[in-house]
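Residue numbers (numbering that gives the first Met the number 0): 0 to 1130.
Wrong hints could be hidden among the right ones.
As the list claims (entries may be wrong) - The list that follows gives simulated cross-link-like pairs (lysine-lysine, DSS-like), each with its CA atoms no further than 30 Å apart:
#: 1; residue 1: K631; residue 2: K530
#: 2; residue 1: K393; residue 2: K488
#: 3; residue 1: K833; residue 2: K844
#: 4; residue 1: K488; residue 2: K555
No lab work stands behind these hints, which were simulated from the structure alone. Remember, predicted model here, so these are calculated numbers, not experimental data.
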Amino acid sequence: MARLTLGYDLLLSAMLLTAFFTTGAWYERHLYLSTTVRNVIMWGLMDLMLLLVLVIILRWLGTWRGWWPWVQIEAIADRVGAQLGTAADRLLNALQLERRLAAPEAPANADLLARSVGVMARRLKELKLRDLTPHRYRLPWRLTGAVLGLLVLAWAIAPGAMSQAAGRLLHPEREYPVPTPFILLSLIGDTQVLGGDTTKVLFTAIGAVPLVVELVWEDHRGRAYTANLPLEGDRYAYRFEGIRDDVRYYARFVNPAWFSPWDQITSLAHTITLIDRPVIEELSFTITAPEYTGEPPEEVGGNVADITALVGSQVNLTGRTNLPLDSAFLNLDGAELPLTVEGNSIHGGFTLEQTTSMIISVVDTRDVINANPIHYTFTALPDYAPILSMILPKVTVDLDESMMVPIHFDVSDDFGFSRAQVTFEIRHPEYLTQDDRIYTHGIPELLPARRSQRVTHVWELSPLNLVPGDEVHFHIEVYDNNIVSGPGKAVSGTLIARLPTLADLFARAAERSDEAATITEDVLEDLEGVKALLEEMELAFRGEEQVSWEQQQKGKEVLATLEEVIAAMESVQNQIAELGSKAEENSLFSDEILQKYDEIQNLLEEIMTSELEEAMARLRDALEKMDPERLKNALQNMQFQASEFEAQLDRFLDIFRRALAEMKMDEVAKRLEQMVATEEQLLQQLNHTAEEQEQEHAGDDRSQPGNEIESSRQLRDLAARHKEQERALNAVRETMGEAAEAVVPYSPESARQLSDLRNSDLTRETEESLQEGTRSLQSQQMAASQSQLRQSEELLRSLRDEAAAIREQFQRATVNEMLTQFQRAISGVLTTSKQQERLFLETEKLRRNSPRVREAAETQHQLLRSMSRLIEQLIALSRQSFHITPEVGRKVGRANAAMHKAVESLAANDPPGAVRSQRESMTALNETAVALSNAMAVMQQSGSASGYEQFLQRMQNLTQGQQGLNEQALSMQLGQMAGMSRIELMRRLQARQRQLARVLEQILDDYPSQSGGKQGGLGQALQDMEEVIKNFQRRRVTRRTLERQQQIVTRLLDSQKSLTVQDFKKERKGEAPAQILTYTGPSGLPANLGEREDLIMQAMEKALRTGYSQGYQVIIQNYFQRLTGRSNPDR
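Let's have the full structure, built from the sequences with the hints guiding it.
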């Protein structure tokens, strides 16, 4: 059994070792294992061999010694018994008997034992040893044969390759090259490049060339990157862009097969070594705008590639590089500009004139230039022209007598202004030679340093010597302060300032007046319809207990018509206000006519009361609530108010038509005055031209052709203008006819005289003289022209005087009519006073219980009714004349009140109390008669029914007194008043100022409508006088006191000037614009968040409190209302 086991183990071990080695050789043949793997295989083979030897020895000893259970006698006996069919015990007994027979001492039955052992031995010989061997010691011959067959086959297929593989396995430490289908070679190898440059690497393959290889490169941090390189011809190429670091690179081909002797094919690794370029590490720009902008320099970092700057800016740069430099320069759109180099620092600059692209190039000491410089773009911004927004004037403005054009505009610019001016040309009427020259007028109010502002300027056109019909075409030019590319200019649209002719002004006034009268007549017709509708409603409503739908609709119709009536009358009020304003500005009419316009406006204000609107509101409320009782009351009230309104409108229309008639008379006089002035001017110019010709002929017998041409041109212009005189005379004749028709209802005699003058020989002779003068001028006859123009002037003067006489006669007729009314009023007052005196004498004799007390009461009541009629007469008279002063009204009111008390006392049987009241009434009536008599005497003396001249005279006297007082105060302040103590002088000045204040206060009481009352300019002057008096009392006369005194004179002059546009003084013309500048301007006003209008209104109130006249106050109010956007375009 031991031998069998030993053989089995030796055979099995040999087979295992052979299979292990053959498998390793087979893998080596196909995979070309690495030395490590081959060492592992060989060491594994040796370890396996040692392990097998140990196992064989152990198994042999164990079998031989019977260490293993399956080789012990009992186990063998069991197997043999199983084969022989004998019990194992018998076999064991035979084995024991054999051992006894072999003992030194033979047993007694040795023969028997020997025979028994022999029988068992013969049976054992029949057994096969193989059958008794355990299965684990039997070889699997089929498997063993299969394994041996595979081993033989592996060696037989490729004996040479297997032998080589076995040899490589037997030498595991030796390196053997792996056979590959191709090899990769770098055609560039190691190389050097400049920083930021581009380089190209090339590879090629020898053998079975693949279509794609992989490029692998690593940076200095060991980070690997790959890229596939396709086959291009017989090469593989790759371009490295902008190299900034060392690069290690190689090519490789990864085997796609998993069972192969090689995993990848690689080229040798090579290195691209970086050579440093100069690099700009720090860079900054300093942008300095042109000096005129006032902007501070701006610092810009080098990391900003798109830089914006104003044209003309200076661009300076400073920078530092990583290497010392040899040179540096700027490339500006292809042009090179050298920079200053100091070591590794650079600096320099240029002036930005247009949008420019720039790069910075630096060269180090190795002559290496920087790569991929940053492209900078400098965008040149132009200095844009100013922005101009016109406020005033509008496109066309008509000049008045002041010959001033207010100019208001907003202007803004980025960096300020240099100047502003008005550029204009003068265009004469078509019949005159045109002036082709261009003129300019400076605007000094422009503030150069303020970038956004509102400019207010008053342009005086008097020096231009314009004549009616001339037009000034102008525009505003504002220049900025750009000195680099030239000043930018903002230009407004073309504006026109026109000096209207007198005919134009009168035509506009007549048109507006006729329109106002027509509207009023239409309103009266509407009121007639309203009254008829109201009566119809009242009749239909009698006996009705409910308001029907038809009645409600009629009521709404009445309300709608009345609303239209009110709107129409408001339009009339605006038109008359504008008409009076324009007439006053251009001095179209006399002071009396202007005063009548004021009276008409006041009358309209009285008409447009709230009673009518309240009645309309009550009617509307009754209609809405459908209340019959309230509707009846509302209808009755509405009828009364409509009738009252109609009566007032009738009165207004009568007064207005009379004013229109007077206006026509004034128009005739004004036109003739204008013609006389024009004829005088033409004659002066003709004489001047004649003198120039005489001087030329006297100085040189040969006249210059240019002078003759100029003289001829002047005569042609004079002829053209004289032709206009003919047309003007025709217009005057037409106006005479219109005026004659207008004054017929008021003075038929004046109308007849006007018609006679229109068709008189004087008028025809004047017309023929003008025509002859025009012909003489056209034919260049100097002497004849002079003679004819003198004759025309004399005839025009005569015609003017005739027209003036007719106007005076018309005014006298007006005064006489007013005197008649005054006489009637005085007669009524005296009659009432006489009756009151008679009743007074009778009442003195009565006792309390006298039966005649009742008769006296009735008589006193009748006198009271007469007094009421007298009051109505005086009220009507007061609407036509200023001579009915408030003093007269107070006296009449006192008499009326006393009569009421007398009636009450008599009704209470109190004759003594009635006597006292009658005496008071009688005294007041007598004083009223005296006041009316004095007023009538003044009216006769002044020749004016309005009393307006008296007001002006008193104002002139007051103004002269204040001016004298101001001069004394100034002399005292300068120490020029000798011979009198300062205190005494102040006392006298104080008394004089107090006296003037009393005079002014009396004027305010007597003429409240002309003076504007105590809230107007004169009221402010009175307050200033009180302040001056306080200063004199305190003995403190300062510069402010003198300024306040001068302001008093200014207010007094303005109060006269606001009603008659005369005596315009240049030294005072700019005060209103100066005030406007103080409180206006875009920089002084906030955004419209609610406080804008408050500030504007506060500024307006402050300007109005400075005491300007009513005329100026209207201008100031209009201006500030324009700022708020709520101006009245018709005003």
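Status of the hints after comparison with the structure:
no., hint, result
1, K631 / K530, "holds (15 Å)"
2, K393 / K488, "holds (21 Å)"
3, K833 / K844, "holds (18 Å)"
4, K488 / K555, "violated (60 Å)"
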